[in-house]
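Chain A is already provided as a structure; the job is to place chain B on it using the hints.
Protein chains: 2
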Amino acid sequence: MFNKNDVSMSVIRRLPRYYRFLDKLLKKDILKISSRELSEIMGITASQIRQDFHCFGGFGQQGYGYNVKILHESIESILNIASIKKSILIGAGNLGRAIVSYANFKDKGFKIVGVFDKDPNLIGKNIGNYFIEDIKLLCEYCKKYKPTVAILCIPQASAEKLSKTLIDLGIKGFWNFSHYDFTKKFDKIAVENVHLSDSLLTLGFQVDNLSY
Amino acid sequence: MFNKNDVSMSVIRRLPRYYRFLDKLLKKDILKISSRELSEIMGITASQIRQDFHCFGGFGQQGYGYNVKILHESIESILNIASIKKSILIGAGNLGRAIVSYANFKDKGFKIVGVFDKDPNLIGKNIGNYFIEDIKLLCEYCKKYKPTVAILCIPQASAEKLSKTLIDLGIKGFWNFSHYDFTKKFDKIAVENVHLSDSLLTLGFQVDNLSY
Numbered sequence: 001m002f003n004k005n006d007v008s009m010s011v012i013r014r015l016p017r018y019y020r021f022l023d024k025l026l027k028k029d030i031l032k033i034s035s036r037e038l039s040e041i042m043g044i045t046a047s048q049i050r051q052d053f054h055c056f057g058g059f060g061q062q063g064y065g066y067n068v069k070i071l072h073e074s075i076e077s078i079l080n081i082a083s084i085k086k087s088i089l090i091g092a093g094n095l096g097r098a099i100v101s102y103a104n105f106k107d108k109g110f111k112i113v114g115v116f117d118k119d120p121n122l123i124g125k126n127i128g129n130y131f132i133e134d135i136k137l138l139c140e141y142c143k144k145y146k147p148t149v150a151i152l153c154i155p156q157a158s159a160e161k162l163s164k165t166l167i168d169l170g171i172k173g174f175w176n177f178s179h180y181d182f183t184k185k186f187d188k189i190a191v192e193n194v195h196l197s198d199s200l201l202t203l204g205f206q207v208d209n210l211s212y
Numbered sequence: 001m002f003n004k005n006d007v008s009m010s011v012i013r014r015l016p017r018y019y020r021f022l023d024k025l026l027k028k029d030i031l032k033i034s035s036r037e038l039s040e041i042m043g044i045t046a047s048q049i050r051q052d053f054h055c056f057g058g059f060g061q062q063g064y065g066y067n068v069k070i071l072h073e074s075i076e077s078i079l080n081i082a083s084i085k086k087s088i089l090i091g092a093g094n095l096g097r098a099i100v101s102y103a104n105f106k107d108k109g110f111k112i113v114g115v116f117d118k119d120p121n122l123i124g125k126n127i128g129n130y131f132i133e134d135i136k137l138l139c140e141y142c143k144k145y146k147p148t149v150a151i152l153c154i155p156q157a158s159a160e161k162l163s164k165t166l167i168d169l170g171i172k173g174f175w176n177f178s179h180y181d182f183t184k185k186f187d188k189i190a191v192e193n194v195h196l197s198d199s200l201l202t203l204g205f206q207v208d209n210l211s212y
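Chains A and B, in that order, are what the protein sequence lines are. Counting from 1, position 1 in the first sequence corresponds to residue 1 in the numbering used here; the numbering is continuous, with no gaps. Counting from 1, position 22 in the second sequence corresponds to residue 22 in the numbering used here; the numbering is continuous, with no gaps.
Keep in mind that the hints were calculated from the coordinates and are not lab data. In this text the structure is predicted, and so the values were computed from the model without any measurement.
For lysine to aspartate or glutamate, the following EDC-like pairs were computed, each having C-alpha atoms within a straight-line distance of at most 20 Å:
(1) A:Lys-27 x B:Asp-198
(2) A:Lys-188 x A:Glu-160
(3) B:Lys-24 x A:Asp-181
(4) B:Lys-185 x A:Glu-40
(5) B:Lys-27 x A:Asp-181
(6) A:Lys-27 x A:Glu-73
(7) A:Lys-161 x A:Asp-134
Just a few of them, taken from the derived set where beta-carbon distance is under 10 Å, the chain B residues facing chain A:
(8) Asn-80
(9) Ile-81
(10) Asp-107
(11) Lys-108
(12) Ile-189
Quick reminder that beta carbons are idealized off the backbone N, C-alpha and C, glycines included.
Isolated chain A (complex conformation) (with noise of 0.2 Å):
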């Protein structure tokens, strides 16, 4: 029914947002709602989510309306939340201690089983539930718990400096909130950047030109 190779990354990037409106729809007991409906709640066109759903094979009857619990679990099935994957945080300032605070990470199919700094003065203390690892024992751990993504909240130079080692010891996918460019370097993984200062810059442009 799902054939990756008809689905593109555009499309993909818009099934979490469905996914979010879906688990709202379900918490107040809605169970159908047609493209039109869902159209109007998410600002998008009706035609684009029938485009969307088609890619996966449809998700409902035309004229019927979609059965939200099924599309709801259709899309967890397609993103595989329930696969959970190990992942280690690498730097544990500000920006990490908000991420791990801030994402509820099972919930979105990740688990976080270790941290990591390279400041003495972190190294050993706790951020949240979490034990914060000296980056020193970053091999033998990754050796150990096998884990697969990495979340990078570190400055760009540290960033470039273990990517590398990080692909070596298994990392496959990386929550990239360095300014790192990982574009072309590396094959076989999979980069999520976000750019909170070029995001931030973006708005300041919009603010200013506001016909845009």
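Here is chain B on its own, set in the frame of chain A:
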């Protein structure tokens, strides 16, 4: 030279990234660069770079490469970084705390003039150099200091409740970390959403489907 109507939002979104790379070049005293060289370090095609820069009048002479300093200054001017936008942060929890200490606001054209929370345990304390004000003082504060940007580090329901008030108080731009969806509800405001959990879900999919 720069006609805003010719420039799409997707080009604008790439400007902060150009700006970052050019900044690095300047710091290394590299004053000339060709689109091909820039393409190699940035991982986007030279043709894309030429097209993007063409929107703003070119920035350089064909065959001679771009003047890095002029390019950097021009992008800075388009992004209007020198015009500081007064901003308020709403929500002084973990995420708000991280945002305040993480982002170098001044370098991005923003200045935080107030931090607000409704939690009596936070009100009256400091985050970084900022005093946490009672959200009840929001109206009075905005009338006095006239901020134009609000950074929302609060839950969706609170953001939904506050959004109209903030717009009525003169807020034109939102750096939105909440899951509240401004789409279509308001005209003539700028919104930059940072949906950390969507990004995490997308990463999960990519890690499980590395051929993407």
